[in-house]
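Chemist: Sequence:
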Amino acid sequence: MFYEIRHYVTKPGRREEWLRFMEQTVIPFQRSKGMVITASFTDEEDPDGYVWIRRFEDEAQRVEAYAAVYDSDRWTGELGPAVADLLFLERSVVTRVVPTRGSLLR
1 MFYEIRHYVT KPGRREEWLR FMEQTVIPFQ RSKGMVITAS FTDEEDPDGY VWIRRFEDEA
61 QRVEAYAAVY DSDRWTGELG PAVADLLFLE RSVVTRVVPT RGSLLR
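Be aware that the sequence shown starts at 1, since it is given in UniProt numbering, and climbs by one per residue.
Only true hints are included.
SDA-like mimics (lysine to any residue), calculated; alpha carbons at most 25 Å apart, straight line:
{"#": "1", "residue 1": "11", "residue 2": "92"}
{"#": "2", "residue 1": "33", "residue 2": "58"}
{"#": "3", "residue 1": "11", "residue 2": "25"}
{"#": "4", "residue 1": "33", "residue 2": "60"}
{"#": "5", "residue 1": "11", "residue 2": "46"}
{"#": "6", "residue 1": "33", "residue 2": "79"}
{"#": "7", "residue 1": "33", "residue 2": "6"}
{"#": "8", "residue 1": "11", "residue 2": "86"}
{"#": "9", "residue 1": "33", "residue 2": "81"}
{"#": "10", "residue 1": "11", "residue 2": "79"}
{"#": "11", "residue 1": "33", "residue 2": "55"}
{"#": "12", "residue 1": "11", "residue 2": "78"}
{"#": "13", "residue 1": "33", "residue 2": "96"}
{"#": "14", "residue 1": "33", "residue 2": "19"}
{"#": "15", "residue 1": "33", "residue 2": "3"}
{"#": "16", "residue 1": "11", "residue 2": "22"}
{"#": "17", "residue 1": "33", "residue 2": "2"}
{"#": "18", "residue 1": "11", "residue 2": "54"}
{"#": "19", "residue 1": "33", "residue 2": "1"}
{"#": "20", "residue 1": "33", "residue 2": "85"}
{"#": "21", "residue 1": "33", "residue 2": "77"}
{"#": "22", "residue 1": "11", "residue 2": "76"}
{"#": "23", "residue 1": "33", "residue 2": "73"}
{"#": "24", "residue 1": "33", "residue 2": "54"}
{"#": "25", "residue 1": "33", "residue 2": "80"}
{"#": "26", "residue 1": "33", "residue 2": "52"}
{"#": "27", "residue 1": "33", "residue 2": "67"}
{"#": "28", "residue 1": "33", "residue 2": "5"}
{"#": "29", "residue 1": "33", "residue 2": "87"}
{"#": "30", "residue 1": "11", "residue 2": "48"}
{"#": "31", "residue 1": "33", "residue 2": "83"}
{"#": "32", "residue 1": "33", "residue 2": "71"}
None of these hints come from the bench; they were simulated from the model.
Make the full structure from the sequences, and use the hints.
Modeler: Laid out in structure tokens, this is it:
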């Protein structure tokens, strides 16, 4: 099992709009396609910062979930363009992590 920790930067003053979009649209859509979203956070030190975490059982499950989400007509025609309007995509950072034996996330 592994996780993706995804750090995003919203365009100035649009974080609340981003949060509504994520919580009402993106997260439910991705979950419906097999993604396991384990957490969603605002960055306390950056008014435009947002962090979320997704979990995958293995690489095969990640590839399958990515294809289901990012190759879908809804993502390419609707959700993806809306994400690009709200975020600085070039500033996104995705870190793939594996929990240690002592982690509660195993």
